[in-house]
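Trainee: Counting from 34, one number per residue, gives the positions in the sequence shown under the numbering used here.
Hints were generated in silico from the structure; no laboratory data involved. Treat the hints with care, as some may be off.
As the list claims (entries may be wrong) - Label-pair distances were calculated between CB atoms; the ranges are: (1) 218 with 242: 15 to 25 Å; (2) 231 with 168: 42 to 52 Å; (3) 105 with 162: 14 to 24 Å.
All values reported here derive from a predicted model rather than from experimental measurement. Glycine included, every Cβ here is placed at the ideal spot set by N, Cα and C.
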Amino acid sequence: MKNYQTGAVRQNTNLLTDRKFSKKLAMFGVMAAIASVSVFSSCKKEGNDASPSLKLNSERALSPTAGGTALTLSNVTTGTVKLSATGNIYSVVNYYVTQSVYDPANPHQANGLYYFDFSLNDNKKGATSTTAPSTSWDISFSGTGNADIKANTAEGVEVKFLNENFATATARTATSAWSAATTAAATFGHNRTITTSPLAAADYLAAASGHVVKGYWNYYFTNHQVIATTDVTILVKDGNGGIYALYIKSVYNNDTPTGTPYPSNFSYLTFDYKKL
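Generate coordinates for the entire structure from the input sequences, incorporating the hints supplied.
Mentor: Put into structure tokens, the structure is as follows:
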């Protein structure tokens with residue numbers, strides 16, 4: 034009996050040890066599975082975090098603060114965007130993109146194509162100097178001094194104009210402005226040519242006696258100068274239905290045409306806009 038009991042004890046002890054060992058193996062398996070899931074989840078989370086970051090980097094909006102420092106436009110040679118102290122008017126200054134397309138001696142040659150997105154307050158880089166970006170944009174600038182505007186109709190963008198100055202137009206609501214505006218030509222820019230010299234105050238107006246307004250800038254033939262008119266405001270409705278009032282001030286560096294016998298310091302666009 035004693036030996037049997039001893040053997041029995043040993044037998045029972047071995048059984049208990051085996052059970053404990055089995056439990057440890059089972060627990061180890063559970064912990065390993067948890068660790069595996071944790072690592073997988075961590076990797077998955079990191080992967081998910083990466084995508085929005087990359088997307089944000091490619092479509093990040095420029096957000097200048099009211100009355101603050103001007104921000105540099107993306108993919109340009111020069112150009113900044115600034116928000117007025119009142120927080121409602123954006124100003125783009127000396128917007129220029131070197132694209133190795135034009136000869137400054139030719140006043141009618143476009144400097145490639147510029148693309149602008151109002152919702153981002155920024156330039157969009159074209160796939161090439163003459164091919165649109167692969168991402169969304171609102172309007173392009175081309176033609177003489179890059180002063181001609183075309184809407185991105187493929188994305189539902191529309192362009193109209195009001196025979197009103199910028200201050201009057203921006204006092205309107207979006208609905209009022211759009212209803213009162215006239216649909217612009219597919220390429221909206223040149224209005225009329227001024228052949229008399231020197232320039233007079235009336236030459237800076239789009240409207241003239243017996244003339245039907247069809248563009249927003251006049252061409253001063255004497256020195257081949259693009260003159261931004263003061264009595265036309267451009268309206269742009271983007272693909273999401275947002276309406277922007279736009280006033281283009283100049284196509285010359287620092288708003289001052291220089292060069293002999295005609296200006297050659299273009300196409301540096303300077304303009305104001307406001308979302309209505």
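Trainee: Check each numbered hint from earlier against the structure, then list the numbers of those it violates in ascending order.
Mentor: No numbers; nothing is violated.
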